[in-house]
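> Going down the list, the protein sequences come from chains A and B. Going letter by letter, the first sequence gives residues 1 to 283 in the working numbering. Going letter by letter, the second sequence gives residues 1 to 527 in the working numbering.
One should not assume that every hint holds.
[To be verified] Just a sample of chain B residues kept apart from chain A, beta carbon distances all over 12 Å, derived:
id, residue
1, Asp70
2, Asp148
3, Glu185
4, Leu281
5, Ala408
6, Ala419
7, Val428
8, Ser512
[To be verified] Distance condition first, Cα-Cα at most 30 Å in a straight line; then the derived DSSO-like pairs of lysine-lysine:
id, chain 1, residue 1, chain 2, residue 2
9, B, Lys131, B, Lys246
10, B, Lys380, A, Lys228
11, B, Lys82, A, Lys133
12, B, Lys82, B, Lys32
13, A, Lys133, B, Lys321
14, A, Lys57, A, Lys228
15, B, Lys484, B, Lys380
16, B, Lys131, B, Lys161
17, B, Lys131, B, Lys180
[Claimed, not checked] Which chain B residues face chain A? A few, computed with CB under 8 Å, are given here:
id, residue
18, Leu344
19, Trp349
20, Pro463
Source of the hints: derived by calculation from the structure; they are not laboratory data. The beta-carbon is built from N, C-alpha and C at its ideal position, and this holds for glycine as well.
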Amino acid sequence: MRAWFANTGWRHLVGLLALVFALFPLVFVISASVNPRGTLTASATLFDGASLDNYVKLFTTSTLPYTRWFTNTMIIAGATSVLTVLLAASAAYAFSRFRFRGRRLGMLGLLLVQMFPQVLGAVAIFLLMARIKGVFPDVGLGTQWGLVMVYLGGAMGVNTFLIKGFFDSIPHELDDAAKVDGATHTRVFFTIILRLGAPVLAVIGLLTFINTVNEFLVASIILQSPAKQTLAVGLYTLISERLSANWGVFAAGALIGAIPSVLLFRFLQRYIVSGLLRGSVKG
Amino acid sequence: MGSTTTGGGRVGVHRPRLADHAPSSTAALIVKIALLAVINALGVYGVLAAYAVGDWGIAGFVGLATLTADYVYFSRRVTAGKYLLPGLLFLLVFQVYIVFHTAAAAFTNVGDGHNLDQPRALEHILAVSEKRIPDSPLYKVAVVTGSDGTLRLLATDPAGKVTLGGEEVTEGIVRDGGGKAVEVEGYRTLQLRDLVTRQEEVLALRVSLGAQGALRTQDGVTGFLARPTLRHDPAADTLTDVESGKVYQASSAGYYEAADGTHLTPGWTVNVGFDNFARVLTDTRLRGPFVSVFLWTFVFAALSVLFNFALGLLLALALNKPGMRGRNVYRSLLVLPYAVPSFLSALVWTGMLNQTFGFVNLTLLGGADVPWLNDPWLAKGSVLLVNLWLGFPYMFLICTGALQAIPAELNEAARIDGAGPWQHFRQVTLPLLLVSTAPLLIAAFAFNFNNFTVIYFVTGGGPNLPEAPITLGSTDLLISMVYKIAFGGAGREWGFASAMSALIFVIVAGISAFGLRRTRSLEETYA
Chain A
1 MRAWFANTGW
11 RHLVGLLALV
21 FALFPLVFVI
31 SASVNPRGTL
41 TASATLFDGA
51 SLDNYVKLFT
61 TSTLPYTRWF
71 TNTMIIAGAT
81 SVLTVLLAAS
91 AAYAFSRFRF
101 RGRRLGMLGL
111 LLVQMFPQVL
121 GAVAIFLLMA
131 RIKGVFPDVG
141 LGTQWGLVMV
151 YLGGAMGVNT
161 FLIKGFFDSI
171 PHELDDAAKV
181 DGATHTRVFF
191 TIILRLGAPV
201 LAVIGLLTFI
211 NTVNEFLVAS
221 IILQSPAKQT
231 LAVGLYTLIS
241 ERLSANWGVF
251 AAGALIGAIP
261 SVLLFRFLQR
271 YIVSGLLRGS
281 VKG
Chain B
1 MGSTTTGGGR
11 VGVHRPRLAD
21 HAPSSTAALI
31 VKIALLAVIN
41 ALGVYGVLAA
51 YAVGDWGIAG
61 FVGLATLTAD
71 YVYFSRRVTA
81 GKYLLPGLLF
91 LLVFQVYIVF
101 HTAAAAFTNV
111 GDGHNLDQPR
121 ALEHILAVSE
131 KRIPDSPLYK
141 VAVVTGSDGT
151 LRLLATDPAG
161 KVTLGGEEVT
171 EGIVRDGGGK
181 AVEVEGYRTL
191 QLRDLVTRQE
201 EVLALRVSLG
211 AQGALRTQDG
221 VTGFLARPTL
231 RHDPAADTLT
241 DVESGKVYQA
251 SSAGYYEAAD
261 GTHLTPGWTV
271 NVGFDNFARV
281 LTDTRLRGPF
291 VSVFLWTFVF
301 AALSVLFNFA
311 LGLLLALALN
321 KPGMRGRNVY
331 RSLLVLPYAV
341 PSFLSALVWT
351 GMLNQTFGFV
361 NLTLLGGADV
371 PWLNDPWLAK
381 GSVLLVNLWL
391 GFPYMFLICT
401 GALQAIPAEL
411 NEAARIDGAG
421 PWQHFRQVTL
431 PLLLVSTAPL
441 LIAAFAFNFN
451 NFTVIYFVTG
461 GGPNLPEAPI
471 TLGSTDLLIS
481 MVYKIAFGGA
491 GREWGFASAM
501 SALIFVIVAG
511 ISAFGLRRTR
521 SLEETYA
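All chains should be modelled from the sequences, with the hints used to inform the complete structure.
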C-alpha cells in the first residue's frame, strides 16, 4: 500500500487537488447560469434550483445585444487570426528561405518593435484611427475592420519568429527538388512550406484567436456603439454597471462565449506544445 | 550563407515533378495582374479621398505604398520583398508609427486643455471672448443648412442687404413681411425645434466681417456684431483684456498667463523636454505611489512566472508516468482554465471573491467577511491567485512537452549511477527543463509585466492609495497606471502617459534582450 502511494498514489492526490482548483470556478459559473434568481448572492449556493431564465434573458432583452456581441467577436477574431497567420507565415518564409540585404536588421527590428504592446500606444491608436476615419470612414474609428487592421499591426513580431523557427526545420532539400522540377518560389510556399508547417500555423492561429477574443482595451476605445462591441467590452460593461443583479445573465453569456475558444483548443491542443517548443528552441 | 534561391545542382534521387511550369504560371500571372489592378484602383481612390479632405500625410502614404507594391510585385529582382510587404505595411502604420507618435508625445504636455496647436488655441480663446459691441446695429438672421449638412447664417442687415455666410446674395431670396430674408434657394431653413437641438452649432456660428468684428447669433433669429474683448499683439505674443487692461503673456507652459498666475483656456501643446520623465521623481506626492507601483509590477511578474511554473512543473512531473490510469482525463480537464477566455475567468473570480456576496466568503468559508479585494495585501495575493489559475495550465503544457523531450538514456544513466529521485530532479531534469523553456519563461515575464486584463478586471487596480494625486491603487501595474492617466476621468494627460509608456517599453525590451542573450537563443535564431 505504501509502495503504491509512493509510486502512483501521490500522483492521483496531486492531480485531484489540482482538478478541484481548476474546476471549481467553472462549476460555479455553470451553477450561477442556471440559478433562477440570477443574483450574485443567490449564486453562492451551488445548484440552488435550475432554470433557463438567464439564457432566455440573454437573448431576448432588447437592451442587451448579446447575439451581436458574439457574432462581432467571432468575425473579428476569425478574420484577425486567419490574416495574421497569412502575414506572419509569408514573412517567416522570406526570413527562412531568402538571403537579402537587411535580413538580420529586419529581424532584430521586428523583435524590438513587437515588445511595444499596443496597449501602451492606445492614445496614439485612438488619434490615428480618428484621422483615418476622416478619409476612409469605412475602416476608421468605430468600425470593426478598423479594429482588425489595428490588430494586424501586431501580426508579425513574435509570430514570425515562432513560424520561422519551424520553417527552418523543414528540410531545404524539399524546396530545392521542387525548384529543380521548375516550381516557382510562390508554388514552393503554397504547396510545400504551408502544408508542412501546418502544426505551427494552427498554433499561431489558435493563440491569435484566443488573444483577440480576450482583447479589451483597444476594442473598447475603437468600438463605441454597443451594437458593434465585442464580448469582452459588452460583458464587462454589463457587470460593471450592476455586478450582483446581472450576475446570472453574465454567467450564461460567459459560458456561451467560452465555447468557441474551448472547442478550438480541444481540437488543436496536440499541436500547441510541439509548436511552441520547436519554434522557440529549435530541435 | 547558403543561397537557397539558386539551389539547383543537387544530384540525387529521382523525384516526381511537382510543378507543371507553363500553365500554372499563366494562371498565376492572370491572378497577379488582377490583384494588382484592384490594389492600384484602391490606391488611386485612397489618394483622391485623402486629397479631397486635405490630409497630405495619408495621401502621401497611400500613394507611396501603392507605387512600392507595383515595384515589388512586378520586379523580378525583388523576391523576399514580395512576402514581406503586406505585413510590413500594417506593421509600419499600426506599430512603428504608433511607437514614434507615442515617443514624440512623451516630450510634450498634450492632454486635456492642451490638445491644440497655438494658432488654433488663440483662435478659440478670441472667439470665446467675443461680446456684442455696445449700441451696434442688430441683424435679422435665419440659420440655413446646405446639402452638406453644415449650418450657415442668412443675415439681413438694417439696410435690407442680404448675405449668406458673409457673401452678398441678390437672387432666390424669400422675404417675410418685415423684409427679413427667411429662405434662400438651395438651402433649407432651420425651424425652432432644429435650432434647439443644434444649439451648440448655432452658438458657434461666426461670420467674420473684417475690422467691424464678427456676426454672431444666440437664438438663431437676431444677429449682432461682436468683437473679442481680448486683443492679440503678435509681436509680443500677448493678449490684453480691453476692459480690465490685464495682460496675458504666452508662457512656456503652453498657456496665456497673467502676472498673477491666472491663465486662459484652452492652452496649447508645447515641448516640455524631459519634464514628464522627471516628474515621477521630482513630484513628491507622485514619487511614493509611483515607486510602489513600479516595484509591485516587477514582483507581480516575477511571482506569477514562479508560481505558475512551479505548479505547472509539479503537475507535469506527477502526471508524467506512462501507463498511469486516467492520465488523459486529468490532462484534458486541467487545461480548461487556459482555454476559457481569460477576461471571462477574471470577471468570474471578481464575483467569487466579492466581500459581501461572493461564493468564497459565503459558501467556502461559511459566511466569513474576508476583504479579498479590498485590503491592499489580500488584493495583491488575490490577483496572484487568479493569475495562477489562469496561467498554470500553460506552464503544465510546456513542462509536459519539455519533459517528454528529455532523452530516455539520460534518465537511465542517472538511475544506474544511483541518483535518488530528488537528486535526479535537481541535477538532470530541472536544468534540462530550464534550458528548453527559458525563452518561454522570459516571454511569460514580459507578458505578465503588462498583464492589463487580470488587474483591470479583477481589482481595477484598487484598493486605492489615498495619498496618490492621481487615482492609483495598490494592485495597479505600470500598464494600468498608464491607462488611468491617459483615459481615466478628468484631466487626461496623454503626454505624461506616453512618457510612462516609453519607460515601460525600455524596461521590457531591456529585460527581454538581456534574458534572450543569456539563453543564446538569439544567436540561434540568426543561424
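> For each hint, tell me whether it holds in the structure or not.
Evaluation of the provided hints:
1. Look at B:Asp70: its CB is around 18 Å from the nearest CB on chain A, clear of 12 Å, so calling it non-interface holds up.
2. Against chain A, the non-interface label of B:Asp148 holds: every CB pair exceeds 12 Å, the least being about 15 Å.
3. With 12 Å as the threshold on Cβ separation, the claim that B:Glu185 sits away from chain A holds: the shortest Cβ distance comes to roughly 30 Å.
4. The claim that B:Leu281 is not at the interface with chain A holds, since no C-beta of that chain comes within 12 Å of its own (minimum 20 Å).
5. Against the 12 Å criterion, B:Ala408 stays outside the reach of chain A, whose nearest CB is about 17 Å from its own CB.
6. Distance check on B:Ala419: its Cβ is at least 17 Å (rounded) from any Cβ of chain A, clearing the 12 Å threshold; non-interface status holds.
7. Against chain A, the non-interface label of B:Val428 holds: every CB pair exceeds 12 Å, the least being about 18 Å.
8. With a least beta-carbon separation of about 6 Å from chain A, B:Ser512 fails to lie farther than 12 Å from that chain, contradicting its non-interface assignment.
9. Distance restraint check for B:Lys131 and B:Lys246: the Cα-Cα separation of roughly 17 Å lies within the 30 Å cut-off, and the hinted pair is therefore satisfied.
10. The suggested pairing of B:Lys380 with A:Lys228 is violated, with an alpha-carbon distance near 34 Å, which exceeds 30 Å.
11. Restraint check for B:Lys82 and A:Lys133: the C-alpha separation of about 29 Å stays at or below 30 Å, so the hint holds.
12. About 12 Å separates the Cα atoms of B:Lys82 and B:Lys32, which keeps this hinted pair within 30 Å; it holds.
13. Among the hinted pairs, A:Lys133 with B:Lys321 is inconsistent with the structure: their alpha-carbon atoms are about 58 Å apart, more than 30 Å.
14. Restraint check: the Cα-Cα separation between A:Lys57 and A:Lys228 comes to about 20 Å, which is no more than 30 Å; the hinted pair holds.
15. A distance of roughly 19 Å separates the Cα atoms of B:Lys484 and B:Lys380; the hinted pair therefore holds under the 30 Å criterion.
16. For a cut-off of 30 Å, the pair hint linking B:Lys131 to B:Lys161 stands: about 23 Å separates their Cα positions.
17. Of the pairs offered as hints, the one joining B:Lys131 and B:Lys180 holds, with about 24 Å between alpha carbons and a cut-off of 30 Å not exceeded.
18. Satisfaction of the interface hint for B:Leu344 is found here, the shortest Cβ-Cβ separation to chain A being roughly 4 Å, below the 8 Å cut-off.
19. Taking 8 Å as the C-beta cut-off, the interface hint given for B:Trp349 holds, the closest approach to chain A being about 7 Å.
20. Interface hint at B:Pro463: violated, since its Cβ lies 16 Å from the closest Cβ of chain A, which is beyond the 8 Å cut-off.
In the structure shown, a violation is registered for the earlier hints numbered 8, 10, 13 and 20, in ascending order.
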